[in-house]
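Protein chains in written order, with the UniProt record's numbering: chain A, 1 to 415; chain B, 1 to 415.
Derived by calculation from the structure, the hints in this document are not laboratory data. All figures in this text were calculated on a predicted structure; none of them were measured in a lab. Every clue listed holds true.
Here are the computed lysine to aspartate or glutamate pairs in the EDC-like style, where the Cα-Cα straight-line distance is at most 20 Å:
id, chain 1, residue 1, chain 2, residue 2
1, B, LYS94, A, GLU148
2, A, LYS106, B, ASP149
3, B, LYS106, A, ASP149
4, B, LYS144, A, ASP149
5, A, LYS94, B, ASP149
6, A, LYS144, B, GLU148
7, A, LYS395, A, GLU357
8, A, LYS176, B, GLU164
9, A, LYS75, A, ASP129
10, A, LYS144, B, ASP149
11, A, LYS140, B, ASP149
Computed from the model, here is a short list of chain B residues facing chain A with C-beta under 7 Å:
id, residue
12, ILE95
13, PRO98
14, ASN146
15, LEU147
16, GLU148
17, ILE150
18, SER155
19, PRO177
20, PHE184
All C-beta atoms in this analysis are idealised placements derived from N, C-alpha and C, irrespective of residue type, glycine included.
There are 2 protein chains.
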Amino acid sequence: MKNLLEELSSEQLVEVERQFKIYSNGANDIIPENELKNKIARSLLKNSPLKIKLGLDPSAPDVHIGHTVVLNKLKQFQENGHIIQLIIGDFTGKIGDPTGKSSVRKQLTNEEVQNNAKTYFEQFSKVLDMEKVELYYNSKWLSKLNLEDIIRISSSITVARLLERNDFSERYSTGKPISLHEFFYPLMQGYDSVELESDVELGGTDQHFNVLMGRQLQEHFGKEKQIVILLPLLEGLDGVEKMSKSKNNYIGVDDNPIDMYGKTMSIPDELIVKYITLITDLSLIEKNEFKEELEIGNLHPKEAKMFLARTIVRMYHDEQETEKAEESFKAVFQKRTLPNEIPVVKWQGEKVIPIIELLVELKLLKSKTEARKMIQNGGVRINTEKVNDTHLQVKTFDEPIIQVGKRKFIKLKPE
Amino acid sequence: MKNLLEELSSEQLVEVERQFKIYSNGANDIIPENELKNKIARSLLKNSPLKIKLGLDPSAPDVHIGHTVVLNKLKQFQENGHIIQLIIGDFTGKIGDPTGKSSVRKQLTNEEVQNNAKTYFEQFSKVLDMEKVELYYNSKWLSKLNLEDIIRISSSITVARLLERNDFSERYSTGKPISLHEFFYPLMQGYDSVELESDVELGGTDQHFNVLMGRQLQEHFGKEKQIVILLPLLEGLDGVEKMSKSKNNYIGVDDNPIDMYGKTMSIPDELIVKYITLITDLSLIEKNEFKEELEIGNLHPKEAKMFLARTIVRMYHDEQETEKAEESFKAVFQKRTLPNEIPVVKWQGEKVIPIIELLVELKLLKSKTEARKMIQNGGVRINTEKVNDTHLQVKTFDEPIIQVGKRKFIKLKPE
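Same shape as in the complex, but just chain A (with noise of 0.2 Å):
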């Protein structure tokens, strides 16, 4: 491809560089840098979007905060004007793991597919404008490819490199069994590019290996080269693991405000910049002036974090719901006052119990070990009064509110 930089006007020159550095903000990786440079000029010069990827997993459907790191990435090209080019992996989905040793890969029906690909949709317009969304289901043009196709695909790759994938290198080298098939996985997310002729393809980075193969088949079918951007893997609210359901670490898109706002404040401090970059829709500017306040010290932390947790829930709640979690927030956390609503728990137990077995019984704590450590370290409070006592009876008639750490409330009501 052509230098097509040489051929802009200044004004379009500055429209490609401010393009560019909103796609790069918060990239791990721009593979490479200045084709994606050239493909926006290309864009400008033609007045045709560029095409921008992301393929999917049709078997987890269950969006999270993490999830939008690179959905508010594709927002920012759409926000451009650029098309956004959903591709729903069902070929994959419909046959499953033909050896049946995966529970990952479970063969789902079309019906599965499609109930997936429709909560997919649900959760993404929370971030994207859907109706400007190409949507594309792989088994279209993956099942009808032939032995011919697939060896003429097949050719453009070695094992060697194949082996190279982290994973598979991992498996190959302890001796795990690598099926043949799998291999075909990459091969297939690549061709998938080949087809739709996408201009970028978007990624975590650990999706590194599956993104450079639409490259490499683009190449090996003569077409124009798409573009990788690399994005980074959020940690969750415990600052470390990566987000997941699965690690109970996560802000789900549909959590409640008071929850989304509560778990956002309760990450920590040096994930603040991380979040707002990645994970919000403020303009490049905004962005970076408030990573500047906060550098110089003109921002608190705990004002910082609130900031965010407010933009947060504001992207997924109206602001009168948004204003109602703050406050919340601020009545208990900061007041040490009790929440506006608590769950009411029916007892039908003892009248006076151990505070110890209160707690494991209510299911606040999952063992007596578990709730004398959260009483020593102060984390449990009656009537919002810190229990010091680990052998402390429990009056239940008294209809006590527990609290254990910042945020679970209970109110015993005897029956």
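Given chain A, put chain B in place with the hints provided.
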């Protein structure tokens, strides 16, 4: 498969053993032996022939005696009423090498495939009864496979297993690239056995991996597994290298009787038994008698080799031609006289010329060094007289008959 041998009458048991001895004679390996006996038993109980498969490369139809090792084994099955399945691997032939790097796998047209198949057919008819042979082109089923089929097929084999194949393993460990599509060739060969429900597949020892693949895929697809019979690779006339056209150490099935006889007589004595076993159509009893006579010394190696030569020539030519070939051989090599017909070369060069230069000029030997060695070894004669002097001046106007080695003769005729 249950043990059918128990259901056989004693006569049938004898028949199973008789056939098994014939099929295993000369084979390097039968995998597994017991199952072959069981398959023969079933063919007797159900009065239904076994299907014996041989796959053929559509790009190399030139047949020499080395190839007849496997043809003679097929013939033994055919003589016992079993069905021969010849498979022309036209699918891969039509694809060629999609990387364009391998000259071995050049892309063939439909017409070329047909012509090559015809050549096979003509040449095989010298050993097999081609009217009873079933001929298949594997593009018939392979071209219909789609990606889903291929993923299912590929899921039955691991990458590590494929990399165990000798040539792959060597290339992988030395860093030479293996294109992913190359992994398909053994799978396709194996899938042919699934499609044709073959009972037995024959192959040279160099086909070990590919032929076993059929067994594995048949099992994966819930079919009865084929038996694999591996046959030795035949050494050529030099007694060292595998017989091949490129090494020029072969006997062609199209060779004339005199060449065929003479070439056979040139093999080292150690190969006589192997040739008798693998490439003649003698019965197992005759072969065993022959070996015994040779071992106990009743048969002199020279007589044994003449018997072998007669037997081979008789397979490809009639009785009269065979006798003439033997007479011609005796005349030249045993009585040290000249053969009946000697090619005449018209000579326009020097009237008197040093013997070494003459030998090179006539292209009887490649270099002066070779010519000198041949004379020193007593391998050059003029008018039946051995030449001892490497500086001999040959008078061409005497119209001398020049002999090099055992079978090269030329008569000079100055013009």
